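Asks: Going down the list, the sequences are from chains A and B. Last residue of the first sequence: number 208 in the working numbering, and the count goes up by one each step with no gaps. Last residue of the second sequence: number 565 in the working numbering, and the count goes up by one each step with no gaps.
Careful, some of the hints might be misleading.
[Stated by the list, open to error] Listed below are several chain B residues computed to face chain A (Cβ distance under 10 Å; list not exhaustive):
{"#": "1", "residue": "A290"}
{"#": "2", "residue": "L291"}
{"#": "3", "residue": "I332"}
{"#": "4", "residue": "S337"}
{"#": "5", "residue": "M341"}
{"#": "6", "residue": "N345"}
{"#": "7", "residue": "L348"}
{"#": "8", "residue": "A349"}
{"#": "9", "residue": "A352"}
{"#": "10", "residue": "K369"}
{"#": "11", "residue": "R372"}
{"#": "12", "residue": "D375"}
{"#": "13", "residue": "Q376"}
[Said to hold, decoys possible] Chain A stretches covered by chain B per the calculated footprint, using a threshold of three residues with CB under 8 Å from any CB of chain B:
{"#": "14", "region": "93 to 100"}
{"#": "15", "region": "179 to 185"}
These are computed hints drawn from the structure, not numbers from a lab. Computed from a predicted structure; not experimentally measured. We treat Cβ as the ideally placed atom computed from N, Cα and C, and that holds for glycine.
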Amino acid sequence: MAGERSKAGRRGPVLVVDDDVALRSELAEFLERMGYTVLVASDGNEALEKAQAAHPSVVVMDVGMPQLDGLRAAEILTLLRHTEQVVLMSGVPEQIAAAAERQGIAALLLTKPIDLEALLRIVDSLTLTRRPAAAGT
Amino acid sequence: MPAELTEVESREVMAPELLPLAADFVWRCGADLRIEELSPLDLGCDEAVAGVMRGIRLDRLAQRVLYPAQAAALTRLVGQRAPLRNLALSCGIGDERVLNLTLNADVSHDGEGRFSGYYGVGKLWPTDPFDERQRAEMVELLDRSEASRSREQRLREEADVLLESLRTLIQPAPLAEKCASLFGLFGRLLRFEEALVVRRRSRTECLAVVATDPALVGMNWPVGTVVQRAFAGHADVIADLSQTAEWRELPEAVRSRFRTALVAPLTIGNEAAMLIALHGAPGHFEASQVALMQRLSLAATQAFQADEQKNVLMNTAKLATLGELMTVIAHEISQPLSVISMAVKNAKLAIEAAQSRGRSSEDMPIVMNKLDRIHDQALRAGEIVTAIRTLAHPDRRTIGLKPVAVGEIIDNIRNLTEGSLRNRGIALICEQPPYCRPLRANPVSLQQVFLNLVVNARDAITESCRERSQAIKGTIHITVLDDGRSDIIYVEIADTGGGIPPDVMARIFDSFFTLKEVGHGSGLGLAICRTLMTDMGGEITARNNNMGAVFRLEIPVYRDDPNTDR
Ligand SMILES: Nc1ncnc2c1ncn2[C@@H]1O[C@H](COP(=O)(O)OP(=O)(O)O)[C@@H](O)[C@H]1O
Ligand SMILES: [Mg+2]
Chain A
72 MAGERSKAGR RGPVLVVDDD VALRSELAEF LERMGYTVLV ASDGNEALEK AQAAHPSVVV
132 MDVGMPQLDG LRAAEILTLL RHTEQVVLMS GVPEQIAAAA ERQGIAALLL TKPIDLEALL
192 RIVDSLTLTR RPAAAGT
Chain B
0 MPAELTEVES REVMAPELLP LAADFVWRCG ADLRIEELSP LDLGCDEAVA GVMRGIRLDR
60 LAQRVLYPAQ AAALTRLVGQ RAPLRNLALS CGIGDERVLN LTLNADVSHD GEGRFSGYYG
120 VGKLWPTDPF DERQRAEMVE LLDRSEASRS REQRLREEAD VLLESLRTLI QPAPLAEKCA
180 SLFGLFGRLL RFEEALVVRR RSRTECLAVV ATDPALVGMN WPVGTVVQRA FAGHADVIAD
240 LSQTAEWREL PEAVRSRFRT ALVAPLTIGN EAAMLIALHG APGHFEASQV ALMQRLSLAA
300 TQAFQADEQK NVLMNTAKLA TLGELMTVIA HEISQPLSVI SMAVKNAKLA IEAAQSRGRS
360 SEDMPIVMNK LDRIHDQALR AGEIVTAIRT LAHPDRRTIG LKPVAVGEII DNIRNLTEGS
420 LRNRGIALIC EQPPYCRPLR ANPVSLQQVF LNLVVNARDA ITESCRERSQ AIKGTIHITV
480 LDDGRSDIIY VEIADTGGGI PPDVMARIFD SFFTLKEVGH GSGLGLAICR TLMTDMGGEI
540 TARNNNMGAV FRLEIPVYRD DPNTDR
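Same shape as in the complex, but just chain B (with noise of 0.2 Å):
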């Protein structure tokens, strides 16, 4: 377009001050700021880009600028009329294209010396403006630019927290801390006050799963607008949560705190679920924002997809035929008799060699070693099938139920694991009222659940300490309560050893759910437990409390006769 350039031309745009960089247009706004005419220079310049430019306002733009501080400086710079040097732009321009930009521009004047615009150069960078060969170019205009200078500051910190939830995914470490760490890195750039991930309970029922204040998780979240658009797989700032219609049915906990969000869509195995992220001041989040949050939302993604791998065997609670239960089973057993035919056999080849060498004393400790670890796997296989038959033993609901002293069994339990408790610098107290009522239980039963419970509490205290590099060292309490009155005696066991993780409280009960390594947790202990607390017409539940697990009997108390029980 020949006739524009002239134009152009003619007003000396192209004086050698506003020329840092080869332009690759020039560009034209009236008083009103709307940008009357743009004009590639050169074939570089994409037609369309031009298009997309032409008639917009100025300080409309500012509002599709990607990076807050720039949108300010620009904004500042058109309101006070004064000169463009090298602006530094990123902005959306739909498609999720991102237009980058430099902008160079004088004032203009009328015959008056009125202001009447701006006129000047432009230049376009490809998509990635980090390119090496531009990367040289642009420094240096972002070192003249304090705008830009923030924007990179802002992009190296983004990939500086995207490398390391990276690194955190790929952690071996429970999902309640992976998700921890992730809200820890972003928090940094996003500058909320708490986040959460609110997943479905049931059809009217959301709950806060995850969360960066403990007192958040369990929280139910209303089914409204908010979680619905973000199940749909919406992100949105949501600047003033009180004008929201759920609001006077979220939890006075939120509302006191928080007024404005962030949220992000999430999904879990198959489901969808909600990441929102809190602050107290309304309008405090950025639209600009909200890619950062998918990030996140993605990285938790993430962190419950491995969890959930982790833990495929976990819905066995619900094994609907004994052809699951088969599967299950062959799973876990193939795994002990792997490791002991191989041991079996790594222990004949080294006595084979040893004897070729005419040497066998030398390869004695190994084949010592082979048959230890031969007998503890054939052991850990013993313990699966002892659990399954327990779990799966049709007779026995109806087998002892009979009047059982509390203080008997704990005595019981005592002294089998008094040596192994000691051994690890772990006292277990016990108190009971002066008189406590007889027990309608299976006393064989109910030793094993106490059993179960107080392993598990010795593992909690020992890898608590372990994971602070402490010597262990903690206490394991059993309180028996009798109100001499109810129906029920309650029998408590808590430990010191830090608790259940929240997220997998609901979980813990389930048959073959375990935390522990691979190994050495069976996830039956606790499944166990809850068959034989039913099956005596009892329950038990588990909480936690400020130093660790606390798990809670209810025992029937025995009467003469359980007809005239009231």
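Just chain A, same shape as in the assembly (with noise of 0.2 Å):
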């Protein structure tokens, strides 16, 4: 059933942006097998130096991360329209939801533990592509 989404031809690219690796390979082999094309960034910096280079469609970013934290990251990807839209994951969303209106910054966001199904709809929407029924789980 994963597969019918990928005949369709790659869709994105996605940028991941984690400081956990495990999440970070995770959500992207996710992302993978649902057709996309994924880049990975491990912290903020890095994540603007490939979002420059490639212009994701979508950038899914934690916001605790060492260096340039998420939401700094968001604001500076959305100010030099690195990308379309930000995703931001975050333990405690209520608090960054304070935050990023204050920043001015209109991500969206998810709340960890991650419901891939969520955020798949949502990626799926972001890119304007109509997932396929039979895929469906």
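Each chain sits in its own coordinate frame; assemble them with the hints.
Replies: Have a look at this one:
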């Protein structure tokens, strides 16, 4: 069933940013299985570099990261128009929502633990592709 | 102003050798070196700038020149009353504006052949003299002027250092390391002997938290004019430290080695702090270096900022409410849970894909791999829960204080850790006196404390060897000290893992403070050690020796009736 999605040709790219290597690689693998071209970065700085080079359609990014945190990175990515949309992931979304509002970032917020189905729906709709009904789980 | 122009022309200042470039203005000064006349030749010359220059004395102009080598050249030429040739100057004219100009002039003499001043032409350059178009013209000038050449050199060095410092800032490295590289880079230009960051501890106390010389870390810097001006946001050159009010209060280590300082304000979080560069020779630093010093302080501020962000969770040691604790737990545990659910999903997809292709064996390794990861992450979540339970357990204080033989605890630890230590080439050496009095402790808690310390020591040794790309090798020393008289027995656990970075020393016992990679350290080990030790009426402290970290436990001696204890 996953195969049907990928037959339609790769979509994206989607940039996955998290400092936790286990989470980053699982999430990247999942999106790849869902037919996306995926790039990864392990912190905000790397995310900026990769996004500048590749202009991903969506950036899915953790908030709490060393060096450059997700909020700041989202702000910069949006300002420089390196991507269409940033999706932030956090274990404490309420705090992040408040902070994002203060900084005027219109990022989408996902609560950790991540609901993969919800994430996929969001990424699908942001890349303006329709999910084949058969791929439902 | 045609009248002035004709006047100047009549003095023949337009002689061709004085015009290597189109001139913007003509100027003249008298024997007292005061610029009496400065007239724009075309509209390109800003009249306001001319206003600034008029009336200034040439030798005073030297004091405004931003680059010491050129200032020296100007002073020298003026002093010798020699012709000025293609002298390129950059000077500050207030409001942080910079005037870039090139001057040419011949010496003028009065009727009896006595020196009566200079006359010549000048050209103004846009604020950035290295605009590409003008650059070619400038280079020609610079080539001819020794003084100017050293200026360009300096600019280039500055640019290199700034670029390099940016690189340092985005490297993932501990704060102390970052500061060390920044200090190293800027030290090439600022030529200080030592530099330190001083941070406020309490209202009356300021401490050096980072320094180029480890001996200066932790030093107390007296709260006086130097600190106060810096905290108020001023950058200064302090030509002679011994003239300051706080000189007497400075530690001998500073007074014996340093006499002059370059100071810039710094921010750590929202807190004012001070960056100070020191040198032994009074007058060594120049006002022109202040700007660069401020660059350094900006870079250091960024390094601190990155560090604070990394440790947002570290302050949770002082968690005030359950709500705050919940935030941290939600944050810490949602991470492994996310990984688990994703790994399960991916494993499922892998199996499905394999089934649809009718070859399930190929994907087995992927699935097995996922299962391992799921297991690890579940353990990680479990560890966090256990740790929090230990910290929060209300009955912990009262249970099980009984006589404990330290030797038994150590034997247990040896059994528990020997395998994993030997595998890594780490030796565990225990020294205890032939007879040691029993401790008054909870054996399970005490064992947990020892275990945490040995595991940390093992990790430190592993990491320090890995950093130097050496095979892992090291020693953990457990020493029991019983003087047979006092109420306390000391146990020291020392390792060869390079020690604790001085700037985090104060925070290692805080909950969730860790320097380990994400997913490796929980930052709860030492917090638990401290809680358990205090509960048992003991104490735990940390310091570094020349090989690594030393943790010292103070554990009360067991007496038959605690009430008769002296
Ligand atoms: N023996 C040691 N040598 C060097 N650093 C140490 C040592 N023990 C602890 N530390 C530092 O203290 C930090 C906190 O330790 P701890 O509270 O046990 O949490 P964790 O081990 O999960 O990081 C460690 O991340 C490490 O940076
Ligand atoms: Mg630990």
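Asks: If a hint holds in the structure, say so; if it does not, say that too.
Replies: Consistency of the hints with the structure:
| no. | hint | result |
| --- | --- | --- |
| 1 | A290 | violated, 26 Å |
| 2 | L291 | violated, 25 Å |
| 3 | I332 | holds, 8 Å |
| 4 | S337 | holds, 4 Å |
| 5 | M341 | holds, 4 Å |
| 6 | N345 | holds, 5 Å |
| 7 | L348 | holds, 5 Å |
| 8 | A349 | holds, 8 Å |
| 9 | A352 | holds, 6 Å |
| 10 | K369 | holds, 8 Å |
| 11 | R372 | holds, 6 Å |
| 12 | D375 | holds, 8 Å |
| 13 | Q376 | holds, 7 Å |
| 14 | 93 to 100 | holds (count 5) |
| 15 | 179 to 185 | holds (count 4) |
Hint compliance for this structure: hints 1 and 2 are broken, all remaining hints hold.
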